[in-house]
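The opening residue of the sequence shown carries number 13 in our numbering; numbering runs sequentially from there.
Since the hints were made in silico from the structure, they are not lab data.
For glycine and all other residues, C-beta sits at the position ideal for the given N, C-alpha and C.
Each hint should be verified, as a subset may be incorrect.
To be verified - Cβ pair distances, simulated, as ranges:
(1) 90 to 23: 26 to 32 angstroms
(2) 93 to 37: 28 to 34 angstroms
(3) 75 to 24: 15 to 21 angstroms
(4) 93 to 49: 28 to 34 angstroms
(5) 77 to 35: 16 to 22 angstroms
(6) 76 to 53: 17 to 23 angstroms
(7) 93 to 51: 28 to 34 angstroms
(8) 77 to 20: 14 to 20 angstroms
(9) 53 to 73: 25 to 31 angstroms
(10) 86 to 56: 17 to 23 angstroms
(11) 94 to 53: 15 to 21 angstroms
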Amino acid sequence: MNQTEARQAIATALARVAPDVDLDVVDPDEELRVEADLDSMDFLHLVEAVSAAIGHDIPERDYRRTDTLDTFADYLVEVTGG
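Input sequences plus hints: build the corresponding full structure.
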């Protein structure tokens, strides 16, 4: 998985969890939960949806690596061997 594919996986999952969020206006360096106005359950559903989409478990200990759009995409590239 490359950066573009990682961002697409996040965007697709986010569209299911929070369909009103436009990733084009989300600052990729700011906290994704704040930028997308996600509560803790929305965020959990986002991580689960991305995990299912990429076929790789995202353990709770790695949630800190999903803080921003950029770090989330970097994490996905790393765990998928991109």
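Hint-by-hint comparison with the structure:
{"no.": "1", "hint": "90 to 23: 26 to 32 angstroms", "result": "19 angstroms, violated"}
{"no.": "2", "hint": "93 to 37: 28 to 34 angstroms", "result": "31 angstroms, holds"}
{"no.": "3", "hint": "75 to 24: 15 to 21 angstroms", "result": "19 angstroms, holds"}
{"no.": "4", "hint": "93 to 49: 28 to 34 angstroms", "result": "32 angstroms, holds"}
{"no.": "5", "hint": "77 to 35: 16 to 22 angstroms", "result": "18 angstroms, holds"}
{"no.": "6", "hint": "76 to 53: 17 to 23 angstroms", "result": "18 angstroms, holds"}
{"no.": "7", "hint": "93 to 51: 28 to 34 angstroms", "result": "32 angstroms, holds"}
{"no.": "8", "hint": "77 to 20: 14 to 20 angstroms", "result": "18 angstroms, holds"}
{"no.": "9", "hint": "53 to 73: 25 to 31 angstroms", "result": "19 angstroms, violated"}
{"no.": "10", "hint": "86 to 56: 17 to 23 angstroms", "result": "20 angstroms, holds"}
{"no.": "11", "hint": "94 to 53: 15 to 21 angstroms", "result": "29 angstroms, violated"}
Of the hints listed earlier, those the structure fails to meet are numbers 1, 9, 11, in rising order.
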